[in-house]
Each structure stands twice: as structure tokens, then as C-alpha cells.
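Here is how the chains run, residue by residue.
4 protein chains.
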Amino acid sequence: MKRKLRMGMVGGGKDAFIGSVHRIAAYMDGLVELVCGSFSIDPQISKDSAEALFVAPDRVYKDYKEMIEKESQLPEDVRMDFLTIVTPNFIHFAPAKMALEHGFNVVIEKPMTFSTEEAIELQEIVERTGLTLALTHTYSGYPMVKQAKAMVANDELGKVRKIIVEYPQGWLSRLSEREGNAGAAWRTDPKKSGKSGAMGDIGTHAAHLAEYVSGLKISELCADLSIVVEGRHLDDDGNVLLRFNNGANGVLIASQIAAGEENALTLRVYGEKGGIEWKQHDPNNLYVKLLDRPLQVYRTGNAYEAPYTLSSFATHNTRIPAGHPEGLLEAFGNIYRNFVLTVSAKLDGETPTPEMLDFPQVGEGVRGMAFVDRVVESNQSSDKWVKVD
Amino acid sequence: MKRKLRMGMVGGGKDAFIGSVHRIAAYMDGLVELVCGSFSIDPQISKDSAEALFVAPDRVYKDYKEMIEKESQLPEDVRMDFLTIVTPNFIHFAPAKMALEHGFNVVIEKPMTFSTEEAIELQEIVERTGLTLALTHTYSGYPMVKQAKAMVANDELGKVRKIIVEYPQGWLSRLSEREGNAGAAWRTDPKKSGKSGAMGDIGTHAAHLAEYVSGLKISELCADLSIVVEGRHLDDDGNVLLRFNNGANGVLIASQIAAGEENALTLRVYGEKGGIEWKQHDPNNLYVKLLDRPLQVYRTGNAYEAPYTLSSFATHNTRIPAGHPEGLLEAFGNIYRNFVLTVSAKLDGETPTPEMLDFPQVGEGVRGMAFVDRVVESNQSSDKWVKVD
Amino acid sequence: MKRKLRMGMVGGGKDAFIGSVHRIAAYMDGLVELVCGSFSIDPQISKDSAEALFVAPDRVYKDYKEMIEKESQLPEDVRMDFLTIVTPNFIHFAPAKMALEHGFNVVIEKPMTFSTEEAIELQEIVERTGLTLALTHTYSGYPMVKQAKAMVANDELGKVRKIIVEYPQGWLSRLSEREGNAGAAWRTDPKKSGKSGAMGDIGTHAAHLAEYVSGLKISELCADLSIVVEGRHLDDDGNVLLRFNNGANGVLIASQIAAGEENALTLRVYGEKGGIEWKQHDPNNLYVKLLDRPLQVYRTGNAYEAPYTLSSFATHNTRIPAGHPEGLLEAFGNIYRNFVLTVSAKLDGETPTPEMLDFPQVGEGVRGMAFVDRVVESNQSSDKWVKVD
Amino acid sequence: MKRKLRMGMVGGGKDAFIGSVHRIAAYMDGLVELVCGSFSIDPQISKDSAEALFVAPDRVYKDYKEMIEKESQLPEDVRMDFLTIVTPNFIHFAPAKMALEHGFNVVIEKPMTFSTEEAIELQEIVERTGLTLALTHTYSGYPMVKQAKAMVANDELGKVRKIIVEYPQGWLSRLSEREGNAGAAWRTDPKKSGKSGAMGDIGTHAAHLAEYVSGLKISELCADLSIVVEGRHLDDDGNVLLRFNNGANGVLIASQIAAGEENALTLRVYGEKGGIEWKQHDPNNLYVKLLDRPLQVYRTGNAYEAPYTLSSFATHNTRIPAGHPEGLLEAFGNIYRNFVLTVSAKLDGETPTPEMLDFPQVGEGVRGMAFVDRVVESNQSSDKWVKVD
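Sequence order for the protein chains is A, B, C and D. Residues in the first sequence are numbered from 1 upward in steps of one, following full-length UniProt numbering. Residues in the second sequence are numbered from 1 upward in steps of one, following full-length UniProt numbering. Residues in the third sequence are numbered from 1 upward in steps of one, following full-length UniProt numbering. Residues in the fourth sequence are numbered from 1 upward in steps of one, following full-length UniProt numbering.
Just so you know, the hints here were simulated from the structure itself, not pulled from any lab data. Any given hint could be a false lead.
List of simulated lysine-lysine pairs, DSSO-like, C-alpha gap at most 30 Å [to be verified]:
hint, chain 1, residue 1, chain 2, residue 2
1, B, K4, C, K2
2, C, K14, B, K47
3, C, K192, C, K47
4, C, K65, C, K346
5, D, K346, A, K47
6, A, K279, B, K279
7, C, K279, D, K279
8, D, K273, C, K279
9, B, K2, C, K70
10, B, K279, C, K62
11, A, K65, D, K14
12, A, K14, D, K2
13, A, K4, D, K47
14, B, K159, B, K195
15, D, K159, D, K217
16, C, K4, B, K2
17, B, K346, B, K279
18, A, K4, D, K279
19, B, K346, C, K14
20, D, K4, A, K62
21, B, K195, A, K387
22, A, K2, D, K62
23, A, K65, A, K195
24, C, K2, B, K62
25, D, K4, A, K2
Keep in mind that this is a model prediction, so the values were computed, not measured.
Kindly generate the complete structure, drawing on both the sequences and the hints.
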């Protein structure tokens, strides 16, 4: 890289949790500077945010349209390199499309769009423009998730037979959307969130994680969604039976009414020769259970000797030596870092390495939208199985 | 109790794991003596077992029929008080029926019978004779499982909304039934095990645990069973969506091909006000997650102050003070101890306490058989839901 | 074994925790029957205990003297085979000595005697009579402790460099001996407990565990004992620097005022090539940390392939397959079982196997007393190091 | 804050682990920009590092002297605001002193200096100049460490009675300093590291953590240091008995030859009413063990209701909601953030809040040097106790 990349931001005003996460992730490696933004639909919040973020007043815009238009007219060595979109789901597609069409790369929150149609259109634009889009499926950024993926790919478990992925949260155990919780409000509003609540918000993370690590695709599913908290308008809980394209079976559980749980995403993959387990609350451990062997715990940052050596994908995404816990912000930072390294390589006329390219992209966004569609369809059906394309 | 109870045994020769477990459970509290048995269909093994178990040669019988007949002719203060049945599933019903009809109480392994019809008939006999039958759903014998049940019953979680129960094992990851593993052989043989493999063997434990702790009944289910290991004749894996009779949803997973897992039965129950989690590998901890509170870990044997005081059902089933781990044999021993205390109370003309009566009985055996029937029916159906009576 | 062994008991009335633990341990394998006892200095408690324990009234004795005298006059095939002594420390020596001199084997609680002189005398009697004495250092009975010992002996860690053994309890955080806690009362009374409180009661367990697993001997120590709770008469807490006879260093911590701890005995042994860790609260896991390798967790009851195969000493002391937790009562039971197998082998004119002989014996009792002496001496000295013989 | 602060750096070239940690910590909140540096004594490494770090070539200096001189001549709105010193221990004092005397604030690695004399002189300069010095005792930056401190301060444990702090690492189990490990080389070289190895490098962290959380001071100690690996010149292991200024006792263990351990810093504090435990490998959990209560696990980022509400010091140092693990880089970042907020407040003529001021400062650096002096003195003495001033 010859210079820092310049980031613009839609959404993420100082009152929004996720904007701050994106900024920390973008900042931590010193590869990105925030140069412009439209941080809120409330102009005062946007202005205040810009000040707190040390963004020049003349690069705070009233909305994403103005931002993209004006930035694209700035000199090439001044204007933003990429746009980060951290608005609610229903305002993902339009700024992403417009940014790409004006030549800007994009980082976008999941689920990628409001509908599958939008997702497919976005994919076409990305392919047409040759630009780069990163989708922040955060959990795929953890080093031990990458190690798990590498071990499956290296056939250390044999053929995969069963996958259990769970994402229990408890934060919507009450009707928090009526108690002034802004994040709860839009996530439970079908007009802003889309056709699913919990499945769209966190089920998509779980599905992505299962497919990412296993290298398999969900081919059929049978879903049971619930609106558990009375008065809510979208599913806050769901259980899904899965079948994968190699014949493996699985279960996906996503809940926001699992009272007392924080963010307990967990993945287990079982193959012919052994199983692996990873827990987001304890992200630097990967539990490897091979038949006829003691349980092994692989840990981030270690320089194990062969044949235990950590994958290059794990080590590329690790910043500090073993025993120094890395957390969610670093996992998030890995997505940004790989996105930035990829964009920079392209700008510099170089070919990104496989490790750089290892971040969720537009195809995974399309797949996530299809997953939501099929889950909702299955939930409404009295047939057992629904095929996933 | 005025005297030890006298136990007879069908099956459980010295080559069988489960017979030994029953004996340790029966012996540990000094309330039971083994007086007779038919330990194996192989007369030499039966004779050798008797010798190793210090059973008098004249009370070793060639089969359960001879045993029940001859024992019933012995003087009242000599003959066995109860018969323990630890044969494969297809030889549960006949000895149980005959024992009850000759006035002997019964301890029986799960699943209780080969078919639901047999189970219902057994229930009728138990009700008619007024005798006592204990079904060894081992895991309900753990003190912290009883604490969990008490906390749900005391409304500490509020209305139950979601239950996740899992029972992953990996010991059938290979075709072990062809490699001389006797336990694997009969369990995977439809003629000996019944219409289901994993679901009958361990799925029934999981279903029992979920119902026992929650006090709810499974009312509908949607099952996906698999024969994962090629060449096997019964399911070795299954995933089931559940609906309970109060509207709660749930998931039950039972697998014997979860490579690398030992016996990782886990239960999570989520209510309006919080959730609980219990893991069989770590049985002396009960994780209690109340909304807006730090996670609490209740542990066996503690004399907590109110309102944390452990339930009388937990303390009644605890032998030693906090910090001294109790394990599966003690949980198993609790079922025996409560069975023996109940039988003795009845013999002595006393009324057993609720704590004594807290062991799995014939009704739970009927319910387990119905669960297996419905799971198998659902698996074969293209409809989503099957009702459970 | 041709018959069950017959046990007599001094102490262990129905109001005493530890008597019950001994009986469960003795009973669980069906190798022992309780035939006589003097369960309490209170004749009514002794009589009631005998009744509850199904001991014949004519074999309940007013004290250990009467018991030993009368039992030794009974026919050989009736009288007790061994005497279990579960009285407070100051009544260990006399009954043990008298029992041995009348030809009875002995099981005795730790610390073995009140003074080192008594311990040495007992050792001489054991050696002279050829009888067997088992000292219940419970924690050495756990299978994973035996696995740890085997791994050190097999040089899997290389030369041992450092040992950390801790035994924190919190149950004496208050002046419980004044609040009617009988166990607390005698343990904190110098006339009944001996010259040390916490160090005698639990520090001896810790020291034994460190030496048992490492195969090393403590050669020097530097102790800092405290009476933390005002009004107490014996140490309730102590920290000790250790040096072992191979040059390794170490730390031993024993506390009964570590508020909130239950019985958290933990051992870590570090060698040139790796370390191991074992925790009594989690006794079926042995954490093995080899240089340049992922952490391995060895677990009780597994049939690992070579070179991971569990030691014969671990498997000999395991009753049930992997995934079925064994606890403190089984560890205790292992001491009894090995003692009984050893005594029976001798009675039958056979040679006990090394696995049978693997239980704490009189020499370890002498060593425990010397440890207490040296710790107390060091605590009173302003010199840094005190040598241990 | 009205603007980002400008950071200069001595040491921390691209080949050095710790420089990178400081930069990530400084960058993550978007409050700091790196403007100048002398990154290595090797000019080419320094130049290359500057390029990779996007530092302008005209602000890369040949050494700290040149940097401080030239920077101090730059306009006020251009020159660095503070200097980060990440060189080996023997080059801490001189640049720190010179920076302060030229008006620059300082961030410095621990141990603060090479000798206690230097430390005291630095303290005098800081006091005289009124400038701010941050000492990176990383572990005090974790939110749950701050929660622990708050709970002790709020008397939730009662009077503190016992403290156990351990810092086992295994990375110096071999003579790595002879195998090309640069970090090992200087740390084991008395000329570069100081009079102690393990105790200076990590024992100081442990001592700081114990004093920081408990609010107590170590008043006496008895140390046993070892050079375990043959051929090494400084202690690689040490065990220390402690006495605190309120009468509490304690143990401190620091080892770099605890083979198989990563960075397993652990603190336990026991008071009259309960104990707390914190483990650096698992930093978002704080285990709270109150007498007569179930174990409680406080976790980072939760909005618990009273009386469980997390301290303002914990929440001020948390970036993301519960269930999103924060790690070492965030803890490190908290030290930077508080330092920067304090410096900015002073620059803006405001008074820093207590939360802002909660980072290790020069007094703690002096105390750390005294600790090392006393430990080394005690190790060489045959007297049991050495007083700490």
C-alpha cells in the first residue's frame, strides 16, 4: 500500500453502535482515514458527529446522494476511495448502487439488501464495474474461524456429516422496541428490516458461518419461526432443519428471546474423522475433537510445529502473539483490512493474494437474501422441505 | 427402612457395562443386596458372574422365567424384593410383566419396551398391582437437574418459551457393530433395539430431560432422522423441531455420529425472565441467566442463603458437601435410592415423600415409546408436523 | 476375590459426614460389608447409627478397645477383616495401633496421626506385622491424577522444573467453630487437630498430591501461615515456597478462608517439554500443554489410540466409559477397592499387582506428618529455608 | 477533544511486536495520528517502517535526540504532542527525560526505567513539568479489571485477606535468546533488561495488578527466583510470598518457563465476604464468589440492574455491547484513550474526569522499580522477609 484509503460513511452517527464498530475496525491498522460522511438523517446529529470524528465541515453531506455526487467531482487524490453503508436494511441498496455506479468501492452491513432482487442487481453491478464490495459478516473474520475452514478444507475431519450452528441472543426478550431502543425499533419493523427479524439479523450470520467454514451450501431447509413476544411484528426466534449439498444434515437456531444470552454464536461441524467447535464468546479457542484422540484446543497466534501449524489464513488475520486475546473488533478489522488490501492492490495494479481476498463479498450477500426468502417461505408452508437454490 | 432390599437381576453379566452401573448405583448407599440373578443367556458367563458378584450358586437361574418362578416360592424374608432388568430392549417387556404379576417390583432400563403397545400394557399392570417400577432415565437423577426443575416450577424463569436439548455422541461414527462391539451390535439391530436407533437409545433420554425439567409436554414434532454410516440399519442421527403444550418451541438433537463427542447431553430452557443451562459433562454446575443480572452458577451441595437456597429435591439427592464432585454413578444411585425408599415405605405401610417418589416411573416409559413412534412417523412423512398425544 | 471383606468402623456415626463417605466408597463395588462398629462416643448415636446401617446389635461396641478385643475373639470367618478409623486426628493412633497388633488391617483418615512420633511408630508396626494400612488421601484416587503421574513417569514432560499446588477453601471464613459446626470445632482445636489447622487438614493433601504425581520429594520449604479469622487458635491459611529434591521449585497454597471457594484443589506441574494441569472441581479432565502443540485435554474413560493411550493405572481406576463423569466418591472408592484387592490377594496367597498397590500407605502418612512439622517450624523461623528430611 | 493528538515514536520498527501493539491501541479510537518517529537504530528499517506507516520522510529521525530537538522547533500546530517509547528497558529513561524537558508528554513501556534512581528522577520531572506520563501496564486497562477494583473499593468483599497473582508464560522454556529470538535476547541480557528477567518483565505487571485492584500496597516480601534454563543470565522464574499494608497475605508467581502456558495472568482477591477471580485469557468474565451465594459471572458491556450495575470505570472503558468480546488491544487502547483524553483536557484547559485519569502513571512506574529491587534483594538474602518501602 502506498497510502491510506479514504473512507466515506452513510449512517453511523454518534448515537449508533454499529457505526462506531466500523470506524474502530477501519482505523485500527492505520490503513484508512475517514474523510467524509452523511452520518444521520438529522442534520444536527450528522454535524455533531463529524466534529467529534474530526471530519472537515465541508465534507459533511445532507444525504448519500449529495455525498456521492459531490465526492465524485473532487480530485482523484482527495475524494473518498470507498463508502461504508451502516444504515438500516432498507437503505442499503440505493446508496450501494449509486456509489458503485460512481466508481466507489463499498463496505456494507448485512443483510446486504432489503430484497433478493436488489441483492442480485447489486451483484450484477459489482461484476460489471469490477469494483469491490465487502459485506460485514463479522464472525468470518476471526482467526480461529479461518483455521476451522482450513481444517475442513484440508480434510482433517473427513467428509462433513453434520453441522449445528446456533445464534442465541436474549436482548429482545421484552418488547424493547416500544421502550426507546432505536436498534430494536427498526430491526422489528418490517418496513425497515425486511421480511424477517431474527433470521434476517442474525440467522444470516449463522448460515454464512456454516457455509463459510464447511465449504458446503445449504440445499434444503425446514423452518419454524416464531413471534414469541406478543405485539412484535417480525420473527424473534427460529429453528431450522438443514440439508447440505453433500448430503450432510444440520440445525440452525437463531433467537433474540433466549433470555440471558448475550451473543452466543456457536458452530459445530462433524465429519467422518472428527468434529470442531467454535464459540464466539470464547473466540480464540478452536476445539478439535478427533476420533481416538484427546480433545485438542487450537489457539490464536501460536507457532505450532507441523502438522499442527496454523493456516496462513489464520495467521494473516492475527495481530498479536498467543495469549493476548483478540476480540470482535479485530475480527471486524480483518474484514476491513482485507478489503483495503484488496482495493489497494487493485489500485496499484497488483493481484490480491488469496488471504487478502478472504472477506465476504457480494455473492455471499445474495446467498444470505435467498436464505431469508426460503426460511420465510418454509415457515409458511405445511410441507416439510423447501429447496434452496 | 428396617432392612436392605433384596435385588435380583436379569442380564448384566460381567461382560456388560450397564449391569455394572446398576449394581454400583444399587450398592453405594448400603440399602440393597444382590441375592439372585440370571446374568447371561450363556450359562457359563452367568455362573462366573454370580461367583464374581458373591451370589449363592443356588440362586443363579437359567433364565428370568425360572428365576421369577423359583424366587416367588421362597420364603418372604428370603426372596428378592425387586428385579432389575438390564437386557437389550426386546427382552424388557416379558420379564417385567412376569415379575410384576408375581409380586416383584421392577427396575428397568430405557427405552422401557420394544413397542408402545407393550409399554401401555406394562402401565396397566403396574397400576393394577400397585407395585413400583423405576425407569432408569439416569440424567434426571442429577441434583442440578432437580434444581433446574424446581426453579422452573417456582416460576423463576417465567413462562417457558424455548427449549434446546442435545445429545451428541460420537461412538458410532464407524460401523462398530461389525467390529465386535456387542453394545453397538444390538443397538443397531432393528430386531433387538426397536424401530429407532439413536432416537430410541438417547433421543428418549433427551426428550425425557426436556419434559422433566420444564414440566411441559411435547405436543408436536418434525423429525429428520439419518442413517449416516453406510451399512447401518437404524438411524444414528436425528434432528427434531419441537412444539410444547404451552406454545413453547424447541429443538432436540440426538446423534451417535457426532465424531469426537463423548456423552454431551445438554439442556437449555429459556423463559420470559431468564434461561438455564445444564451440561452432563459438567453436572454439578447449573448456569442461571436472568435478565439484567450477572450469570449465576448454582453448584451441588451448597448451603446458599435465601432466596438462593437449593431445592429440597436437589439436596435430598446429594451425598457430600459442595466442592466434592458427584457424578453419573451418584445420579444413577439416586434413582435406585428413591426407588428403594419408596418400596420400603410401602412395605412398612408408610407414605413415601415427594422427594422419594421423584424418580422416572412407568408413565414416563409410555411417553418415551410414544416419542419414538412419532419421531419415526414424522421422519417418513412429507408433512411438517406430527402431533404427539 | 473369593468373598467380600468385612469392615469394622470407629467413628462415622450418622451425624458425621466423613463416615458416610467411607461407607459409600467401601460399598460401591460390592466388595465390602460393614459388620461391626463403634460409631460414636455417644452410645445412643452409636446404636441408632448401627440400626440405620443394618449392623447387628451384638456387634455394636462401646469403644474401639472393646471392638478390637471382642472381634479378635470371634471365629475367623466372622470377625472383621479391617478397621476403618474416621475419628478426629487425636484418636487415630491408638485404635490403629491396637487394631494392627490384633491382626486387623486398617483404613485411616489423614493426617495419619497427631504427631510424627506416632506416625513413625505406626510405620514400624505395619512393617513388623505385614498388615496393610490405607491412608485416605482421596485425591490420588482420581483416574486423571493417575494419568498425570504416569505421564510424568514416562518423561512426557521432561525433567520437572516447577510445581504449583493450591487448595483454597472458604468454609472457615467465619468463626464457624463457635456457631455449632462440629467439623469446624475439632479441626480448629489444637488438642484434637494437632499443631496445624489448614496445613494439617488440607495442606497435607496438597503436598501429597504434588509428590504423588511428580514422583519428587519436597526437600526445603519456606512457610507463611496465618490465623486470619480473629479468635481462631490454629492457622486457617498458609503459603509455602517449595524446593524439590531434583532442584525444581514450587508453591503450595492452602487456605480455609478463601471466601467463596469450595474445594478447589489444583495441581500444575511444568517440565522441560510441557506442563499438565488438574483441577479437583473438574476431575475428569487432564490439561496437557506440550511445547509447540495445541493444548490437549485427556479425559477419563477414553480408549485413545497410541501414543495417547491412557495408562493402565488410569483405566484400572475407572468404572464407566468416557462421557459419564466420575466424582469424588469414585476416587475414594478407588482407594478402598485397591486396598481390598490388596488385602484379598494377600489372604489368598497371591501377589497384588502394581495397580492394586497404588493407594496411599503408611509411609505417605509419615511424610505428611513431617511436612506439617516442617511447615510449622518454618513459620516460626526468621530464616528463609527449612530442610525437609 | 478538538483535534487528534499527534504521536511520535521511538522504537517500534516494523520488525518489533510491541510497536505495532502501541500503534493499534493509539489508532483504534481515531484520536491519534502518527506524525514522526525514529523507529529503529538501523536507518533502513526506520525508513522502511516510516513508509509502511505513512509517516512523512522529513519526520523520520536518526535517533530520539534528533527527533525531540527538531520536533520542538516545529510550529505548535504541527509538532508532536506526545512521544511513545517502545525501546528495550535500558533506553527508556533518557528519551523520556529529554521529551518531558522539551515539553512533550510521554507514553512508556514497563518497567519504566532501568533503575529505581532513574524512576525517581522521572517522577520528579513529571511533577515539575506538569506533563502527563502513561505507563503501559496493559492489564489494568481491561474493563473487568476495573470492575474488580471498583467492587473491592465499594467493600463488596469486605476487608481483603489474601491475594494470589500469577503470571505463567512458557515462551522461554528453551534458550530462545540463542536461537535468533530478538525479544528473548534483550530481555535476558542484564545490560539491556536490568537486574531481573521474569520479575522485571512480567512480575511487575502482576504486582501492579494486585495493587491496582486491591488498592493495597505490598509491604513485605520473600522471594525465590530461579534461573531454570541453563546458560541464561537472568531469572526466568520466581515465586514470592507477600504481605500487604493492611495485613493481608499473598503469593506472586511469575514464570517464563511454565512450559505450555501462553500469557496466563490470573488474579484472585479474597476478602471477608467473598472473593473475585480474573483471568487474562478470558478477560471479559469476572468471577465473583460471595459467601452463601451462587457464583456470579460479571461480563463486559452489560447493562445490569442495581445493585449489579457495572462501575462507571468499567463502562467508560468498554466500546461495544455485551457478547462482543473485547481483547488485549482494546485494553491497551483504553490506556491510550485515557491518556489522550487527559492530555487533551489539559490542553483545552479542562479538568480530566476520574475515569480519564484512570491509567498507570509515573508513581506506579517508581513502585514497579522498587518491587524489582526488593525481590532481587530478598532472593539474595537468607532472611525471610524484606520490607518494601
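To see whether the hints hold, each was checked on the structure:
no., hint, result
1, B/K4 <-> C/K2, "holds (22 Å)"
2, C/K14 <-> B/K47, "violated (37 Å)"
3, C/K192 <-> C/K47, "holds (24 Å)"
4, C/K65 <-> C/K346, "holds (26 Å)"
5, D/K346 <-> A/K47, "holds (25 Å)"
6, A/K279 <-> B/K279, "holds (16 Å)"
7, C/K279 <-> D/K279, "holds (16 Å)"
8, D/K273 <-> C/K279, "holds (24 Å)"
9, B/K2 <-> C/K70, "holds (26 Å)"
10, B/K279 <-> C/K62, "violated (47 Å)"
11, A/K65 <-> D/K14, "violated (41 Å)"
12, A/K14 <-> D/K2, "holds (16 Å)"
13, A/K4 <-> D/K47, "holds (17 Å)"
14, B/K159 <-> B/K195, "violated (35 Å)"
15, D/K159 <-> D/K217, "holds (14 Å)"
16, C/K4 <-> B/K2, "holds (22 Å)"
17, B/K346 <-> B/K279, "violated (35 Å)"
18, A/K4 <-> D/K279, "violated (37 Å)"
19, B/K346 <-> C/K14, "holds (24 Å)"
20, D/K4 <-> A/K62, "holds (25 Å)"
21, B/K195 <-> A/K387, "holds (29 Å)"
22, A/K2 <-> D/K62, "holds (23 Å)"
23, A/K65 <-> A/K195, "holds (26 Å)"
24, C/K2 <-> B/K62, "holds (23 Å)"
25, D/K4 <-> A/K2, "holds (22 Å)"
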